[in-house]
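On the provided structure of chain A, position chain B as indicated by the hints.
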Amino acid sequence: MKPEYDLLVIGGGPGGALAARTAAEKGLRVGLVEKRSAIGVPVRCAEGVGRDLIEEFMEPDPSWISAEIDRAVLVAPDGYRMTLEPSMAGSEVGYVLDRKRFDRDLVMQAADAGADVQVRARAVAPIMENGAVAGARIEANGAVEEVRARVTVAADGVESKFARWCGIDTAVPLAEIETCVQYLMTGIEIDPAATVFYLGNEVAPEGYVWVFPKGERTANVGVGISGKKCRDGSRPLDYLNRFVKEHFPDGRVVEWVIGGVPVCQPLERTVADGLVIIGDAARVADPITGGGIYNAMFTGRLAGQTAADAIARGDVSANALMTYDHGWRESKLGKSLERNYKIKEYFLTLSDEKLNRLIHSISRMDLSKFSVLNVVTELVKHDPSLLLELRALRNIL
Amino acid sequence: MAYYNGMLVIRRDVCGYCGCCVSVCPVGALELIDAYLSVEGDCSSCGVCARACPLGALEVADEA
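Protein sequences, first through last, are from chains A and B. At position 350 of the first sequence (counting the first as 1) the number is 349 in numbering that gives the first Met the number 0, and the numbers step up by one without a gap. At position 7 of the second sequence (counting the first as 1) the number is 6 in numbering that gives the first Met the number 0, and the numbers step up by one without a gap.
These are computed hints drawn from the structure, not numbers from a lab. A couple of the hints might just be wrong.
[As the list claims (entries may be wrong)] Under 10 Å between C-beta atoms, here's a sample of chain A residues computed to sit facing chain B: (1) 35; (2) 171; (3) 226; (4) 229.
From a predicted model like this one, the values you see are computed outputs, not experimental measurements. Quick reminder that beta carbons are idealized off the backbone N, C-alpha and C, glycines included.
Isolated chain A, as found in the complex (with noise of 0.2 Å):
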């Protein structure tokens, strides 16, 4: 790293690839450090992400593509599997991604860019200037050195503590984190065109479990559970060997993926006097699915665009960052953020046997309109004695 930047990024996933590329794009100087010795290693991902939302940064790029995913399937607590097909508005189709050279090829593309890249380089404190964030203080090879910068990111992911450094509390309710154990196993019977989810108690509870195709008979297979139902005997850990025992006996496990997601509202405040938060470092992953790769692509590009403004003005406050905070709560994004925290809270609400009772009632309707709000109409019209329930539901959206 140089001693100073125009726009200092911390963490080399892809919101802070976005962050570092949008901004060196735009002319500034930009630095960026990545804690792990890799790029995109450990994963710590599912790997699914819409095919329409990729797009929006870039041409896919089949090496980083494992899967093409045409549908998703899901399956009620009592086994009754609901195929979701791509003619349904609301049903994407996919990617399945390989994230180790995903989040390489990202990080690259911030480094043709202009930005310069540094892995094994850990922020170990920010360097404040009258309550401002001025850089950080950046350890490598057990050194510490001092970059400073005009606007500084925080990009650090999951375990994120640079935004707690500057005094902005990130700590996630223990209800509120998805524990979760993965397995990528090989030599398994699957639809390698078709995400499947398993919902319920007995399988995940608050959670759900998920068989991602990476191949024709390669997976994803994990499960996720909230920090609430978490204990000895009943870990994410414990879940997923139950599932595969049954599900998946001759299966062969080649890596293990371990990590939490939030799925807590995201932070009251994105934004501090020279300081930008983004992805999950700002809780902005799905409270529904746990997906956060597209959520944090777009907050990376929406805070290397404020920022660059707010340099090029002169203003690095709060305020005049407030831009970015703004932004992406008004954007598509924070609209389905803030309705899908709101959708997630019912669910919790709902029994494996009302559960059962949605998935079998939504089966049975033409989904060719599929919104939420219609969704909801219908299923009164299906069933009458869903009504009590669902209109809580309607009466939040």
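Relative to the frame of chain A, chain B by itself:
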């Protein structure tokens, strides 16, 4: 292979250094440093991290 800092026991052979615990710590006492987890002075022994751990690698000492 355990590491004891006075409040929290980290079973390093179980820990997957994923950072899940870091995100739920109410006082910011945990830090994920590349491939290991460190506990700093502010730990209040609340045990939230031990609850959240996907693998069961953490234990509050006075419960042991």
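Practice task
Could you tell me which of the numbered hints above are not met by this structure, giving the numbers in increasing order?
Solution key: none
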